[in-house]
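Chains A and B, in that order, are what the protein sequence lines are.
Just so we're aligned, residue 1 is where the first sequence starts under my numbering, counting upward by one.
Just so we're aligned, residue 1 is where the second sequence starts under my numbering, counting upward by one.
Hint data in this document are derived by calculation from the structure and do not stem from the laboratory.
Be aware that one or more of the hints could be misleading.
Stated by the list, open to error - Lysine-lysine pairs mimicking DSS-like chemistry, simulated, CA-CA at most 30 Å apart: (1) A:52 / B:49; (2) B:69 / A:71; (3) A:36 / B:58; (4) A:44 / A:67; (5) B:69 / A:9.
What the hints assert, rightly or not - Okay, the calculated beta carbon distance ranges per label pair: (6) B:52 / A:95: 14 to 22 Å; (7) B:18 / A:69: 45 to 53 Å; (8) B:46 / A:52: 39 to 47 Å.
What the hints assert, rightly or not - Chain A residues, not near chain B, derived (Cβ > 10 Å throughout): (9) 4; (10) 19; (11) 24; (12) 26; (13) 55; (14) 81; (15) 86; (16) 100.
The C-beta atom is built at its ideal place from N, Cα and C for all residues, glycine as well.
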Amino acid sequence: DTAVSQTPKYLVTQMGNDKSIKCEQNLGHDTMYWYKQDSKKFLKIMFSYNNKELIINETVPNRFSPKSPDKAHLNLHINSLELGDSAVYFCASSPSGRAPQETQYFGPGTRLLVL
Amino acid sequence: AQSVTQLDSQVPVFEEAPVELRCNYSSSVSVYLFWYVQYPNQGLQLLLKYLSGSTLVKGINGFEAEFNKSQTSFHLRKPSVHISDTAEYFCAVRVSGNTPLVFGKGTRLSVIA
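Input sequences plus hints: build the corresponding full structure.
Below is the structure:
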């Protein structure tokens with residue numbers, strides 16, 4: 001059973017398009033995250049949601065909009081895709097998100113290529 | 001704000017040799033420290049973490065790390081590496097539940113047969 005799953009695994013699209021990435025966790029965790037990993041492998045938090053409420057929103061362009069229909073799902077919608085959006089996007093979850101010592105559990109990643 | 005520096009972007013090492021991956025952090029308050037591993041084309045998984053207490057932390061796959069407060073370091077070690085240890089290793093720090101987990105830029109460990 002996959003704990004944190006993401007779809008699609010690969011996404012190739014043209015500049016200007018709108019796309020969504022879906023994430024689901026079956027761990028019963030309250031907090032979910034989106035991270036972006038650039039071509040140099042640098043990993044940076046984008047958003048975190050606790051029980052459908054936005055907790056962390058790092059300086060991300062407003063073309064990126066997270067949506068959490070319930071605490072097991074956190075989707076990422078990207079409008080007007082740009083070349084610089086090409087990256088690997090990781091979803092993660094943690095039990096409460098409130099305790100700094102908690103382990104975060106990562107999905108397998110979605111590799112986005114914008115042409 | 002906290003930050004993490006991984007001093008080596010790439011570390012090649014022969015199979016069965018020991019390895020140390022270096023990590024230094026910067027924070028004005030107490031920290032929680034983590035090492036995550038990313039195998040090729042996969043997500044990250046936790047190797048080990050330092051919360052408090054003993055400064056030597058043992059993790060999975062024979063890895064261990066030592067917390068050194070005076071040197072603000074959390075170096076990762078393994079006495080004998082295997083080919084399967086080839087991966088990207090990330091050091092990370094967090095100070096509170098209201099702040100994000102901050103990652104270093106990663107160290108690529110390449111184990112050579």
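Outcome of the hint check:
1. Restraint check: the Cα-Cα separation between residue 52 (chain A) and residue 49 (chain B) comes to about 27 Å, which is no more than 30 Å; the hinted pair holds.
2. Our distance criterion of 30 Å between C-alpha atoms is broken by residue 69 (chain B) and residue 71 (chain A), whose separation comes to about 37 Å.
3. Proposed proximity of residue 36 (chain A) and residue 58 (chain B) is supported: the alpha carbons are some 29 Å apart, at most 30 Å.
4. Under the criterion of a C-alpha separation no larger than 30 Å, the hint pairing residue 44 (chain A) with residue 67 (chain A) is consistent with the structure, at around 19 Å.
5. Pair hint residue 69 (chain B) plus residue 9 (chain A) does not hold up; C-alpha atoms about 40 Å apart against a cutoff of 30 Å.
6. At about 19 Å, the CB distance of residue 52 (chain B) to residue 95 (chain A) agrees with the hint of 14 to 22 Å.
7. At roughly 48 Å, the beta carbons of residue 18 (chain B) and residue 69 (chain A) sit within the given window of 45 to 53 Å.
8. Residue 46 (chain B) and residue 52 (chain A) have their C-beta atoms about 25 Å apart, which leaves the hinted 39 to 47 Å range violated.
9. With a closest Cβ-Cβ approach of about 7 Å to chain B, residue 4 (chain A) is found to fall inside the 10 Å limit, against its non-interface label.
10. Distance check for residue 19 (chain A) against chain B: the nearest CB is about 20 Å away, which clears 10 Å, and the non-interface claim stands.
11. The claim that residue 24 (chain A) is not at the interface with chain B holds, since no C-beta of that chain comes within 10 Å of its own (minimum 14 Å).
12. Every CB of chain B is more than 10 Å from the CB of residue 26 (chain A) (nearest about 15 Å), matching its label as outside the interface.
13. Non-interface call for residue 55 (chain A) relative to chain B: violated, since the shortest CB-CB distance, roughly 8 Å, does not exceed 10 Å.
14. No beta-carbon of chain B is positioned within 10 Å of the beta-carbon of residue 81 (chain A); the least distance is around 22 Å.
15. Residue placement check: residue 86 (chain A) keeps its beta carbon more than 10 Å from all beta carbons of chain B (closest about 16 Å).
16. With a closest Cβ-Cβ approach of about 4 Å to chain B, residue 100 (chain A) is found to fall inside the 10 Å limit, against its non-interface label.
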